[in-house]
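Protein chains in written order, with the working numbering: chain D, 1 to 260; chain Z, 1001 to 1415.
These are computed hints drawn from the structure, not numbers from a lab. Treat the hints with caution; some may be incorrect.
[Claimed, not checked] Taking lysine-lysine pairs in the DSBU-like style, the calculated list, with each CA pair at most 35 Å apart, reads: (1) Z/1197 <-> D/230; (2) Z/1406 <-> Z/1166; (3) Z/1197 <-> D/247; (4) Z/1197 <-> D/90; (5) D/204 <-> D/241; (6) D/260 <-> Z/1197; (7) Z/1406 <-> D/241; (8) Z/1305 <-> D/187; (9) D/187 <-> Z/1197; (10) Z/1241 <-> Z/1138; (11) D/125 <-> Z/1291; (12) Z/1055 <-> Z/1406; (13) D/163 <-> D/260; (14) Z/1052 <-> Z/1172.
[Stated by the list, open to error] Here are some chain D residues pointing at chain Z (derived, C-beta under 8 Å): (15) 75; (16) 93; (17) 110; (18) 145; (19) 148; (20) 167; (21) 170; (22) 172; (23) 179.
In this text the structure is predicted, and so the values were computed from the model without any measurement. We put the beta carbon where it would ideally sit given N, CA and C, even for glycine.
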Amino acid sequence: MNRRDFLKNSITVIAGLAVPLSALELVNPRSLLAGKGDGPALRWAFLVDTQACVGCGFCVKACKTESEIPNEINITRTWVERYVVTRDGKTFVDSPRGGGDGFTTDHIDLNEHGRQEITAEKIEKAFFVPKLCNHCDNPACVQVCPVGATYQTPDGVVLVDRKHCIGCAYCIMACPYGVRSFHPVYKTAEKCTFCYHRITRGMKTACVDACPFGARKIGNLRDPDDPVTKTIMSGRVGILKEQYGTKPQVYYLALSREVK
Amino acid sequence: MVHGEVWTIKELFVYPNEYIYWTIQIVMYPFMTGLVAGAFVLSSLYHVFGIKQLKDIARFSLVFSFALLPVAMIPLQLHLQHPERGIEVMLTPHFTSAIAAFGIAFSTYGMIVASELWFVYRKHFVETALALKMKRSKSLAERGQYLLFSALTLGAWDISTHALEKDERGVKIMATVGIPVACLLHGYAGFIFGSVKANALWTTPLMPFIFICSAVVSGIALCVLCYIVTMEIRKLIAGWKRKNDPSLPSPAELRTVEMHEVTMTARYLVVALLAALGLELLDLLFRDYAKFSSWEIVRSIIYGKDFVNIFVIQYGLGNLVPLTLFLLPRLTVRRAVLGTLLVLMGVFMMRWNLVIGGQAFSASFAGYMHYDLPVIPHDVESFKEGLLGALLVGVLPFIFFWGLNKIFPVFKCEE
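Extracted from the complex, chain D is given alone in its bound form (with noise of 0.2 Å):
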């Protein structure tokens, strides 16, 4: 055989392989059903308006309190950042405590550099940004738990299974939102969710109903008529970190350029 016959059949071969092969892809069921029109009828999503956010932090207690974290210990599944971008184009970024105890003076928290005061004629704009899990469509946390103990649920919530949890923070690392940490107590990884226990049950979440201004809001993205769906679908809203492929489902209006 010639290099060109040789050439010529091996094209054929594989052409013909491929026609059976491409029949062996294998189809998720779920897409399948989502084809049709009749996949799961709830996908939770929220809301940030940041500004309608005020930076008291009730949100913040609200969700402590909620999620049993005392006060006083270091993490938490909601915080506010403060951003104060001056005029010298200079951006000044905090959250003492997660921002639970409101945002009160003048002065920059910034950690082991201390405290510095910006006063209100250099600032050029100031606002306030609430976080919390993006519970992304496309987690990068669920994907490295090693035992499977964090989960999605099927209308988008994503979760931590306690009894599972071996602690090794993977997904801690894999969260390019900072939103895990450790529970003191259970010693597995903590996180927003979505205050399932109170969603599912008809509720809002903790923090929405503790924001004075409607600044979160929950909704269900695959209703129409759901005033969060609306404002998303309709809205100029953006979301955080777009770049990481991982869809988050906090979207937020009125997101500033200079938001981590």
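Assemble chain Z onto chain D, guided by the hints.
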């Protein structure tokens, strides 16, 4: 206090939940696995590629690799918040996770090393068991030894030339299969880090290869070092024993063998060291050139906060100095000892700069975290994830090796 708060110092803006969660034990884990894989690759050079000059050190590194094997797992156990559930990684593996493959990679590798050892030492087991069997009056210890060695033969008592040839073939097969599995075991440790897209310092597809090369470097270095130490002890003993039995090898003869092995092995070390250094510098060059959004903070760590750790201790003292020491003509034992010690420190620092350095900056890219290594423990956690815990992990393989040497005598066979 929450986990990690004791040893984490935060600077500027760091997310409230961020702490140094992966501490010195996670530095020890790739370091120890690297030693396991490297030691095995060294032993395989003799068995697979028939590099006869490495015969002496090959047996040594095989047993040492086996002694290191259980220790590679201990740092992970010490690091887990629920060590009692550690076994779940093997019982309920979640295969989308890189760590889930640990059980498979680790046990496959363990079985390969164990069976290779068995083929190498079967003759010794049979001979020892038979010698003990002949003995009329056995002490309790000897009876125990007899039972142990009889069991270790696994019922294969045939030590005819034909059977031993088959053993040798078995060794060769196991050593050949073992090389890719050893690389897999360690390359996969690299993948655990390299696949974390959320960590700007870790995420690179080069990571498994960097890990394999540095593993071979550290494995060879440790084997050469231990080999020199044991040979020095043997020289002392030989000098002392020869007074009664002149047929034993003289210290001078032992010295010739020792230098020969060390010089040969050093060549492989240099090659692996150059490969590791090349890959690491390529990674650095790529990051510097590509300037991803994370580069600004990563740069401030590499060229700023961790400059001494990375460029002075790791690359300078840990790579360039030993490279010069090994490349200069007329290698001496003292220089080899210094070189291997520096290489080991360099590889350890590479792991440190990777694991701790990777957590030295916040995911917000707006702040830093510093790991304050707990030296004096004040509770179980600061013991496990502090200096003492790491030292414990570092000492254990030598204790295991001492015990294993009783069953698999490293030096006795060729004498």
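Taking the closest Cβ pair, is residue 179 of chain D under 8 Å from chain Z?
Given a least distance of 6 Å, the restraint on residue 179 of chain D holds.
Verify the interface restraint on residue 167 of chain D: the C-beta must sit less than 8 Å from at least one C-beta of chain Z.
2 Å, holds
Interface hint compliance - residue 172 of chain D to chain Z, C-beta minimum distance less than 8 Å
5 Å, holds
Holds or violated: residue 1052 of chain Z with residue 1172 of chain Z, Cα cutoff 35 Å?
Holds, at roughly 14 Å.
Is it true that the CA of residue 1197 of chain Z sits at most 35 Å from the CA of residue 230 of chain D?
Measuring from Cα to Cα gives roughly 32 Å; hence the hint holds.
Holds or violated: residue 1406 of chain Z to residue 1166 of chain Z, with C-alpha atoms at most 35 Å apart
25 Å, holds
Would the hint on residue 110 of chain D be counted as holding, given a Cβ-Cβ threshold of 8 Å to chain Z?
5 Å, holds
Hold the hint about residue 93 of chain D up to the distance rule: shortest CB distance to chain Z must be less than 8 Å.
4 Å, holds
Hinted pair, alpha-carbon criterion (35 Å max): residue 1406 of chain Z, residue 241 of chain D. Please report holds or violated.
Since the Cα atoms of residue 1406 of chain Z and residue 241 of chain D sit roughly 57 Å apart, the hinted pair is violated (cutoff 35 Å).
Next pair to validate is residue 260 of chain D with residue 1197 of chain Z; report whether the Cα-Cα distance is within 35 Å.
16 Å, holds
Restraint check for residue 1305 of chain Z with residue 187 of chain D, where alpha carbons must lie at most 35 Å apart:
31 Å, holds
For a C-alpha distance cap of 35 Å, please report whether residue 163 of chain D and residue 260 of chain D respect it.
Between residue 163 of chain D and residue 260 of chain D the Cα gap is close to 33 Å, so the pair holds against 35 Å.
Going through the hint list in order, the structure does not satisfy hint 7, though it satisfies all others.
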